[in-house]
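Student: Sequence:
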Amino acid sequence: MSAPLDRRKFLKATAAAGAAATALGAAAPAYADTGAAGRSGSDFEFDLDPAERPPLAWFAGRGVGDQAGPRDLPQDRAADRIVRGIRRPRIPRRDFSVTDFGAVGDGVTDDSAAIAAAIGAASRHGGGRVVLPAHRGTGSAAYSTGPIRLYSRIELHVPAGVSVLFSTDPTLYPLVYTRWQGIECYNYSPNVYAFQATDIAITGDGTLDAQASTDNWWAWKTLETPGWNVLQAYADDDVPVDQRIMGQGSYLPPTMIEPYGCERVLLQGVTFLNSPFWHLHPTLSTDVIVEGVTVGPTSGPNTDGCDPESCTRVLIDHCSISAGDDCIAIKSGRNADGRRVNVPCTDLVIQNTAFANGHGGVTIGSEMTGGVAHVYARDLVLSSTELQAGHRLKTNSVRGGYIEDSNVYRVNAPVIGGPALLIDYTYGEGDTGTFYPDVTDISLLYWTVGQATQSWDVIGYTEDHVGTVTLEQFTVTDQTGTNVLEFVDTFDLVDVTINGSPVTSG
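Quick note, the sequence shown lines up with residues -32 to -1, 1 to 474 if you use mature numbering (1 follows the signal peptide of the UniProt record, and there is no 0).
The set of hints was computed from the structure by calculation and includes no laboratory data. Here a beta-carbon is modelled for each residue, glycine too, at the ideal position from N, C-alpha and C. Just so you know, nobody snuck in bad clues.
Computed Cβ-Cβ distance ranges for the label pairs, DEER-style:
no., residue 1, residue 2, range
1, S181, S108, 16 to 26 Å
2, T465, P38, 12 to 22 Å
3, R52, D205, 43 to 53 Å
4, G418, E440, 13 to 23 Å
5, V452, T402, 21 to 31 Å
6, L191, T106, 38 to 48 Å
7, G396, E440, 28 to 38 Å
8, S469, V207, 54 to 64 Å
Please model the complete structure; the sequences and the hints are all you need to start from.
Tutor: Next comes the structure, spelled out in structure tokens:
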């Protein structure tokens, strides 16, 4: 690998400088944050803590958290430090029921105005919990709505038996400051959006359903190329973000849940279904907790489960994900725009989580230009013939950036439809640029795999090798294909067994 240490030091130094400067950019609109001046004091606030999270019924019987392997690894200690440092939202302890503002919850009536009025009232009072209640007697309700905007110190609470049904009419979705596949622009609002807010949450045992299908948002997949090419040209030509107006005619569908530039975010207990695009997309945010949620199953194009992008301190805990694309994809901006914004995604813990269908279980990239570091994914279940890879890293020489210190360990994988480890330098544009990625310090420890096509498929460039990769205490009972390894500096195998036979490095 050509001068990897010098390049890596440069990338990390510039990423740190970019993060310190905050990267929403001069083009970001200065929205008034009506909840920022909320009432303070212990009489009115509470922390949303793990003791208050709902029962995780899906968790029983999946074996998550029971994987073999020691519990005091150095990786555990590093992960625990990250978890202890994550700050949870503080939201006033008072409720605002949307039915008090005229919401009907019959699945037909448009409750958009009532939901917005309840959020506005809570915000004017310094924050609180906006509740979408079930009907007395039936224990259920369905609230039809357009996009929802959250402000500081607001919790959207969706109890068991309640569904939020989002309109699929694009004309109801205003343009907002967002990222689309790692490039900043103005595009359709996500179904739930927050911008530069603090202390926000979506909680409960209910369901948020974006209702995307091949009859609406998903049909845009075959129409998006011209608009996507325009947006990429905007970024390559350094067009100011406030002039990158997408929306109507561009056919770029919005994400479902997007806190953008926010602090202290909690998504807890809820089921998210049928997103137009990526389901959960915290962006440029700090202290993000995704806890006990279910995403999918869904089969729509680009319907990733959870994609933290350019975030710091993220916890994904006790979740269940089955997606039409990557289950989790860690990102940090794309190509020229990723270098302009230049904020990494760092300090992530993924734990006690089950993955079914998807292109990758724990994925990094491909939008990783700002860099990704310090990923700890532990105590996981991967189980589906439709899961195309276990730990998937995808990049190319147009992306650049770095992936460093990614650790996926104590994994129970009864079946994976592809390789356990996939490091792909040929993704997307392939080797057509001059920004060579740095990928190193990748560890897979204590994996028990029943069936997979490969244990690893790792290929770097002749001029830019993958750095150090370690597999330790790694067993595959039934491997049906042949492993691939090219252009890797250090590939360490420790106590690795494939098809009943030990395998050693070299």
